[in-house]
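Engineer: What follows is the residue order along each chain.
There are 2 protein chains.
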Amino acid sequence: MLLSKSCIYGMRGALYLASSSNSKYISIKQISNDLDISPHFLTKIMQELTKAGLLESQKGPKGGVRLKKDGNEVALVEIVAAIDGMDLLTECALGLPGCGTAKPCPLHEQWADTRDEIRVMLEETTLTDLARKGKEGNLRITADGTFDWLPKDN
Amino acid sequence: MLLSKSCIYGMRGALYLASSSNSKYISIKQISNDLDISPHFLTKIMQELTKAGLLESQKGPKGGVRLKKDGNEVALVEIVAAIDGMDLLTECALGLPGCGTAKPCPLHEQWADTRDEIRVMLEETTLTDLARKGKEGNLRITADGTFDWLPKDN
DNA sequence: TATATTTGAGACAAGATAGTCTTAAATATG
DNA sequence: CATATTTAAGACTATCTTGTCTCAAATATA
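These protein sequence lines are chains A and E, in that order. Position 82 (the first sequence) corresponds to 82 in our numbering; numbering is contiguous. Position 107 (the second sequence) corresponds to 1107 in our numbering; numbering is contiguous.
No lab work stands behind these hints, which were simulated from the structure alone. Take the hints with a grain of salt, since some may be wrong.
EDC-like, lysine to aspartate or glutamate: derived pairs with alpha carbons at most 20 angstroms apart [as the list claims (entries may be wrong)]:
id : chain 1 : residue 1 : chain 2 : residue 2
1  : E       : Lys-1133  : E       : Glu-1123
2  : A       : Lys-103   : E       : Asp-1129
3  : E       : Lys-1135  : E       : Glu-1056
4  : A       : Lys-5     : E       : Asp-1087
5  : E       : Lys-1133  : E       : Asp-1070
6  : A       : Lys-44    : A       : Glu-73
7  : A       : Lys-44    : A       : Asp-84
8  : E       : Lys-1044  : E       : Asp-1084
9  : A       : Lys-5     : E       : Glu-1091
10 : A       : Lys-133   : E       : Glu-1123
11 : A       : Lys-103   : E       : Glu-1048
12 : E       : Lys-1005  : A       : Glu-136
13 : E       : Lys-1059  : E       : Glu-1048
14 : E       : Lys-1005  : A       : Glu-73
15 : E       : Lys-1103  : A       : Glu-109
16 : A       : Lys-133   : E       : Asp-1113
17 : E       : Lys-1068  : E       : Asp-1129
18 : E       : Lys-1103  : A       : Asp-129
19 : A       : Lys-5     : E       : Asp-1084
20 : A       : Lys-103   : E       : Glu-1136
21 : A       : Lys-103   : E       : Asp-1036
22 : E       : Lys-1133  : A       : Glu-109
23 : E       : Lys-1068  : E       : Glu-1056
24 : E       : Lys-1059  : E       : Glu-1073
25 : E       : Lys-1133  : E       : Glu-1048
26 : A       : Lys-68    : A       : Asp-129
27 : E       : Lys-1133  : A       : Asp-113
Beyond 10 angstroms from chain A on every Cβ pair, some chain E residues (computed) [to be verified]:
id : residue
28 : Thr-1043
29 : Glu-1048
30 : Thr-1050
31 : Ser-1057
32 : Gly-1060
33 : Gly-1063
34 : Lys-1069
35 : Leu-1076
36 : Pro-1097
37 : His-1108
38 : Glu-1109
39 : Thr-1125
40 : Gly-1134
Please read all numbers here as calculations on a predicted model, not as lab measurements. A virtual CB, placed ideally from N, CA and C, is assigned to each residue, including glycine.
Produce the entire structure from the sequences given, and follow the hints as far as they go.
Structural biologist: Encoded structure:
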């Protein structure tokens, strides 16, 4: 598996926020409801993103979470780094510690190239990119496709 | 993590076999010893590769395992498929079932391209490729670098 | 101020992966 | 044939990931 489930949920949650107007806080309960993710689990994941400085939160009624930066300034790699860490983009494919150009494993060259492709993709894709593409094509971000991209500015 | 630990061990075990003369069976005990992998665990993994038809085995003294095909006919993707399955190369990056060109998620396009890069790398790299590169550069396939590429034709 | 709402923190349970151990079956060799 | 060696099969434990639940802290609002 490329990304952990926590990381995938974090991405979908962040994408949800990026697709909404960012002027108001949105409760995690509503997000978990719309994305069909366990509320408690999503809460824990959104807390990680808040701790990492990607979101800001407010407690109490009318509270919730929202993006700290504009969505076009948030690359996917930041979410991956916050939840899964950078291991995927730094570690050896054969699991050998300290593998690199100086002390490579036999697979290092090929994997380093492939790994860079993944890294560039994650660095160059922003939440706004995905939100725009999703809105234009009315693409789903839930398993059953019930999510709709209408502005959630309640 | 891209590949499971079982898969990584399987790759290293298969690479070990490809770097040896394939005329004789080699005991998993020796392999696990040279590669510094738990013998019991490696046995289980090599059994999976045998069941998948990548290795053949023989019990008893002078028994062990060896590649069923020549190393240049075994692409890495076959080992990945046998141990981790093809999920990495078929599944949606956002975890949505049935994601594809017909019913994509917002990340589908970027991920499909990246996923193809991984697939091509695994399909085009053979055990012999890695063994040759390892022998030429005397590269390590153990954490501490104690593995040596001298023919193991005992 | 009292109440309802919402995040924060962390204990806890369930499930998957990683790793160990025991026993059985096959087989080479003396 | 007896024995030692080696894979095969599967039970078992440990650790990590995933998911649930409870309670505390903050806060908007009546």
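Engineer: Next step is simple, just say for each hint if it's right about the structure.
Structural biologist: Right, here's what the structure says about each hint:
1. E/Lys-1133 <-> E/Glu-1123: holds, 17 angstroms
2. A/Lys-103 <-> E/Asp-1129: Answer holds: A/Lys-103 to E/Asp-1129 is near 18 angstroms, not above 20 angstroms.
3. E/Lys-1135 <-> E/Glu-1056: It is violated: about 24 angstroms lies between the C-alpha atoms, which goes past 20 angstroms.
4. A/Lys-5 <-> E/Asp-1087: holds, 14 angstroms
5. E/Lys-1133 <-> E/Asp-1070: holds, 17 angstroms
6. A/Lys-44 <-> A/Glu-73: violated, 23 angstroms
7. A/Lys-44 <-> A/Asp-84: holds, 14 angstroms
8. E/Lys-1044 <-> E/Asp-1084: Satisfied, since the Cα-Cα distance of roughly 14 angstroms is no more than 20 angstroms.
9. A/Lys-5 <-> E/Glu-1091: holds, 13 angstroms
10. A/Lys-133 <-> E/Glu-1123: violated, 31 angstroms
11. A/Lys-103 <-> E/Glu-1048: violated, 30 angstroms
12. E/Lys-1005 <-> A/Glu-136: Not satisfied, since the Cα-Cα distance of roughly 40 angstroms exceeds 20 angstroms.
13. E/Lys-1059 <-> E/Glu-1048: Within the cut-off at roughly 16 angstroms; holds.
14. E/Lys-1005 <-> A/Glu-73: It is violated: about 35 angstroms lies between the C-alpha atoms, which goes past 20 angstroms.
15. E/Lys-1103 <-> A/Glu-109: Judged against 20 angstroms, a Cα distance of about 35 angstroms means the pair is violated.
16. A/Lys-133 <-> E/Asp-1113: Holds. A/Lys-133 to E/Asp-1113 sits at ~16 angstroms (cutoff 20 angstroms).
17. E/Lys-1068 <-> E/Asp-1129: holds, 17 angstroms
18. E/Lys-1103 <-> A/Asp-129: Holds, at about 18 angstroms.
19. A/Lys-5 <-> E/Asp-1084: Holds. A/Lys-5 to E/Asp-1084 sits at ~17 angstroms (cutoff 20 angstroms).
20. A/Lys-103 <-> E/Glu-1136: holds, 14 angstroms
21. A/Lys-103 <-> E/Asp-1036: Holds, at about 18 angstroms.
22. E/Lys-1133 <-> A/Glu-109: With Cα atoms ~10 angstroms apart, E/Lys-1133 and A/Glu-109 stay inside 20 angstroms; holds.
23. E/Lys-1068 <-> E/Glu-1056: Roughly 6 angstroms between the alpha carbons, so the hint for E/Lys-1068 and E/Glu-1056 holds.
24. E/Lys-1059 <-> E/Glu-1073: violated, 25 angstroms
25. E/Lys-1133 <-> E/Glu-1048: violated, 26 angstroms
26. A/Lys-68 <-> A/Asp-129: holds, 17 angstroms
27. E/Lys-1133 <-> A/Asp-113: This hinted pair holds, its Cα atoms lying about 16 angstroms apart.
28. Thr-1043: The assertion about E/Thr-1043 holds, with a minimum of 19 angstroms to chain A.
29. Glu-1048: Holds, because the least Cβ-Cβ distance between E/Glu-1048 and chain A comes to about 18 angstroms, which exceeds 10 angstroms.
30. Thr-1050: holds, 21 angstroms
31. Ser-1057: Holds, since 23 angstroms exceeds 10 angstroms.
32. Gly-1060: Non-interface label on E/Gly-1060 holds, nearest chain A Cβ at 31 angstroms vs cutoff 10 angstroms.
33. Gly-1063: Fine: 27 angstroms to the nearest Cβ keeps E/Gly-1063 off the interface.
34. Lys-1069: holds, 19 angstroms
35. Leu-1076: violated, 8 angstroms
36. Pro-1097: violated, 6 angstroms
37. His-1108: violated, 8 angstroms
38. Glu-1109: violated, 8 angstroms
39. Thr-1125: violated, 6 angstroms
40. Gly-1134: violated, 4 angstroms
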